[in-house]
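So the protein sequences, as listed, match chains A, B and C.
In this text, residue positions in the first sequence follow numbering that gives the first Met the number 0: the first is 0, and each later residue adds one.
In this text, residue positions in the second sequence follow numbering that gives the first Met the number 0: the first is 0, and each later residue adds one.
In this text, residue positions in the third sequence follow numbering that gives the first Met the number 0: the first is 0, and each later residue adds one.
These aren't lab readings, by the way, just hints derived from the structure by calculation.
We treat Cβ as the ideally placed atom computed from N, Cα and C, and that holds for glycine.
One or more of the hints may lead you astray.
To be verified - With a straight-line Cα cutoff of 27 Å, these simulated DSSO-like cross-link-like pairs (lysine-lysine) come out:
no., chain 1, residue 1, chain 2, residue 2
1, B, Lys178, C, Lys47
2, A, Lys69, B, Lys101
3, C, Lys110, B, Lys353
4, A, Lys66, B, Lys23
5, B, Lys25, A, Lys69
Claimed, not checked - Here are the simulated distance ranges between beta carbons:
no., chain 1, residue 1, chain 2, residue 2, range
6, A, Leu56, C, Met0, 39 to 49 Å
7, A, Leu56, B, Gly147, 30 to 40 Å
8, B, Glu50, C, Phe104, 50 to 60 Å
9, B, Ile378, C, Ala74, 46 to 56 Å
10, C, Glu108, B, Ile449, 39 to 49 Å
11, C, Thr17, B, Leu269, 22 to 32 Å
12, C, Glu108, B, Gly474, 47 to 57 Å
13, B, Asn2, C, Pro52, 26 to 36 Å
14, B, Gly347, C, Tyr98, 24 to 34 Å
15, C, Gly49, B, Gly147, 48 to 58 Å
16, B, Ser149, C, Thr17, 20 to 30 Å
Said to hold, decoys possible - Covered, in the sense of this in silico footprint (three residues per stretch, anywhere, with C-beta under 8 Å from a C-beta of chain B), are these stretches of chain C:
no., region
17, 20-29
18, 35-42
19, 67-79
20, 86-92
21, 95-102
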Amino acid sequence: MNNNEKGMSIIVKTVTRWIKGFIFLFGLSIVLFGHLTPGGGFPGGVIFAATFILITLAFGKEYVLKKIGKTLASELDSLGALLFLIIATLGIYFSGIFFSNFIEKTHPTGNFKLFSSGIIPLCNISIGMKVGSCLFMIFIIVSVVRVIFEDGKGKLITTEKKDKK
Amino acid sequence: MVNLPLFIIIPLGVAFFIPMVSRKFKWVPDILGNLTTFILLLLSLMTLNREYVYHIGGWRAPFGIVLVLDGLSCLLLIIINLISFMATLFSIEYIEKRFTSKLRYYSLFLLMVGGMNGTVLSGDLFNLFVFMEIASIASYALVGFGCGSSELEASFKYLVMGNVGSLFILYAIALIYGKTGSLNIADVARILKEIPYDNLIGFVFVLILTGFMIKAALVPFHSWLPDAHPSAPAPISAMLSGVVIKAIGVYVIIRIVYNLFGFNQIISNLIVYMGVISMIIGVTLALLQWDLKRLLAYSSISQIGYVFIGIGLGSPFGILGGLFHLFNHSLFKSLLFLDSGSIEYQTGTRDLNKMGLLYKKMPITSFSTLCGALSISGIPPFNGFWSKLIIILAAIKSGRPIVGLWIVIGSILGLSLFTKVLRYSIYGKGEKFEKEKWENLKEVPETMCIPLIILSILCIFTGLLLIGMENGIFGPVIDVLNGGVLKYINKIIGV
Amino acid sequence: MIYYLCFVLFLIGLYGVTCKKNIVKIILGLCIMEYSVNLFLILLGYRKNGIPPIINKGMEINEFYNKAVDPLPQALVLTSIVIGLGILSLMVAIAIRLYQRYGTFDITEMKKLKG
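Using the sequences plus the hints, can you model the full thing?
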């Protein structure tokens, strides 16, 4: 019963334990099929963040901060943005134009295929990474502010602007 | 050929690369930050006298996003990257002593530089808005970087005012899209020339001008500036006052007035009188201040007024004066803010009453303050004199001697303002001056001296840029603006 | 008509920003302004009985042109929502810090900066 002191009641914890993987997989599918169905990097990333926020609410902040940690979240955040920039910059070396779609693409009508639109799935994955870790960081910084009081404010999201393409 | 997206890729990439590596290696942010801004400075010098339109993703102009390099963008690029290099050089020691987290500082700083470079290069209204927001969000966070109560208060004030301005701009962009069905600046200008004028266009113009005037801190909308600029760390104050209000305020107003809506007499009157009011009120309020950085911030408002007068006169001579004053102001105002930063670094105070006799203890800082003060108040060999002279002459030439008279009055007030600064801080002493505390004062470290020296030398010699102005740096700029709407449309869409 | 209602919403937000004294209410006012602009952008692309802007197999280009909604405002709104999220989170963080420093949300009590 020692476990119950942190976080919410045992019912919430059990349901969360069952359901968290499915929510994460749902987010993953939204990110991966972003170029074929409604969705994409930003909604998928929000669902990733929702998974972690659910775990934070159910199990308490110490559990999550021990498992993930804001350092890892911050590094994932930077890594997502950096990957997006690298993908965009690779366009210069493959075809001479920034942001050009340098992987071969096929027309997706008829049978929808997963690998049919060049760099867009890769962009979606990096945006999903960025948005997920970023929203999670905003959540822990704003809500659990006493834990990281010495830390100043978190890094702001500013690169998700590019998910309009 | 310079690849234009590099101006956006490099700062953004380094800004995201710094937090990944520098938890383990403490020296990374300094080296990478300075290297980045230096490379950007070299790249921006390479863009001199070139004209280039870059289509992102290979999509053609009215449909895709374009980056446009012309004379005006080139001038602004050089200003941004020069001042940001000086500021990063200055902040190596400054941030080390006074603040904690270098990692976040450089990350946000480079985001701000990347956002401003994007704003200056973008040829698309919405993209311009997005880049402007990147630069402004980074600067909101940097103003509150110290996390003291006054910093947070200033940051919140800046945030609310700036966000209201941004929303005005976004509303205007939405209206423009609804009216014309396009977002490319050149395409919008082409469509606006074809359809007849109606009240909606006037409304859009007023909205967009209000939004960017909030960003540029002209007088009715200036109340955030005297709080935000003194509260930031000194290199950031130099960036904010020297570059940010120009790149995301004045530049966009120039671009919109001259290349989007077209210039006419009503707009000219509006901008000139806003400039005059701004100039006089800014310098009058500055005379009442005793906080050094706050005084400099009010003086910024007044100097932006000169730039607006020059731009609003509309003749090539006036445009030359306005843009030259913009260039000079970014030099001497960032120099003065860096000076105030080094005084604060050594003495720990910003109150003019508590300073005194700095010329004995800190020769380099006092010399550069002298240079900055003389050029901001317009003493002949320095650059500020030439630009003010050109604006006054242009005002008289275009038949507005009253405006010229106001400029002279403003200059005299400015001279008295900086006489006060020199009298209390450097060559005389204030009323609460305590001699014992100031005995073992030293000059600031070398890395902080270098930008001060470079900027003072530039302050003395940039007056020479005027020689051969037809072919020099200002020739293409005047071409861009004087050509008006039609030339801009032709260059981008290529009708 | 509905466009005017958007502008009215914008003005309500502006009233909240300018006239209220509480920081939380100012933040809410800014949110209302931003959502009114987003609503306006979305309404620009709206079309009655419209179809999604995707070309299916065997669809005439003229039919597509006449019936599809405009996809660009949706992209713009997505972007502006993201920007708004960034600004909102920064504002909330600053508001929390201000509350820690001053112990109040009233802006009339925060007057360290004057002149």
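Results of checking the hints against the structure:
For the proposed pair lysine 178 (chain B) and lysine 47 (chain C), the alpha carbon gap of about 19 Å is at most 27 Å, so the pair holds. The hinted pair formed by lysine 69 (chain A) and lysine 101 (chain B) meets the criterion: a straight-line CA distance of about 18 Å does not exceed 27 Å. Of the supplied pair hints, the one linking lysine 110 (chain C) and lysine 353 (chain B) holds, its CA atoms being roughly 23 Å apart against a limit of 27 Å. Among the hinted pairs, lysine 66 (chain A) with lysine 23 (chain B) is consistent with the structure: their alpha-carbon atoms are about 20 Å apart, no more than 27 Å.
For the hint pairing lysine 25 (chain B) with lysine 69 (chain A), the CA-to-CA distance comes to about 19 Å; that is within 27 Å, so the pair holds. Between leucine 56 (chain A) and methionine 0 (chain C) the C-beta distance comes to about 43 Å, which sits within the given range of 39 to 49 Å. For the pair leucine 56 (chain A) and glycine 147 (chain B), the beta carbons lie near 33 Å from each other, so the given range of 30 to 40 Å is met. Range check, glutamate 50 (chain B) to phenylalanine 104 (chain C): Cβ separation about 52 Å, and the 50 to 60 Å hint holds.
In this structure the hint that isoleucine 378 (chain B) and alanine 74 (chain C) lie 46 to 56 Å apart at CB holds, the actual value being about 53 Å. Against the hinted window of 39 to 49 Å, the Cβ-Cβ separation of glutamate 108 (chain C) and isoleucine 449 (chain B) comes to about 44 Å, which satisfies the hint. In this structure, threonine 17 (chain C) and leucine 269 (chain B) meet the distance hint of 22 to 32 Å, their C-beta atoms being roughly 23 Å apart. Remark: the range hint 47 to 57 Å for glutamate 108 (chain C) to glycine 474 (chain B) is upheld by a beta-carbon distance near 55 Å.
Range check, asparagine 2 (chain B) to proline 52 (chain C): about 32 Å between beta-carbon atoms, so the 26 to 36 Å window is met. A beta carbon spacing of about 28 Å between glycine 347 (chain B) and tyrosine 98 (chain C) agrees with the range 24 to 34 Å that was offered as a hint. Distance hint for glycine 49 (chain C) and glycine 147 (chain B): a CB-CB separation of about 53 Å, consistent with the stated range 48 to 58 Å. Serine 149 (chain B) and threonine 17 (chain C) have their C-beta atoms about 23 Å apart, which keeps the hinted 20 to 30 Å range intact.
Look at the region 20-29 of chain C against chain B: 3 of its residues bring a Cβ nearer than 8 Å to a Cβ of that chain, three or more, so the hint holds. Residue count for the region 35-42 of chain C with a Cβ under 8 Å from a Cβ of chain B: 3. That meets the three needed, and the coverage hint holds. With a cut-off of 8 Å between beta carbons, the region 67-79 of chain C has 5 residues touching chain B; three or more are needed, and the interface restraint holds. For a cut-off of 8 Å, the count of residues in the region 86-92 of chain C with a CB near a CB of chain B stands at 3, and the three-residue condition holds.
Counting residues of the region 95-102 of chain C whose C-beta sits closer than 8 Å to any C-beta of chain B gives 4, which meets the bar of three, so the coverage hint holds.
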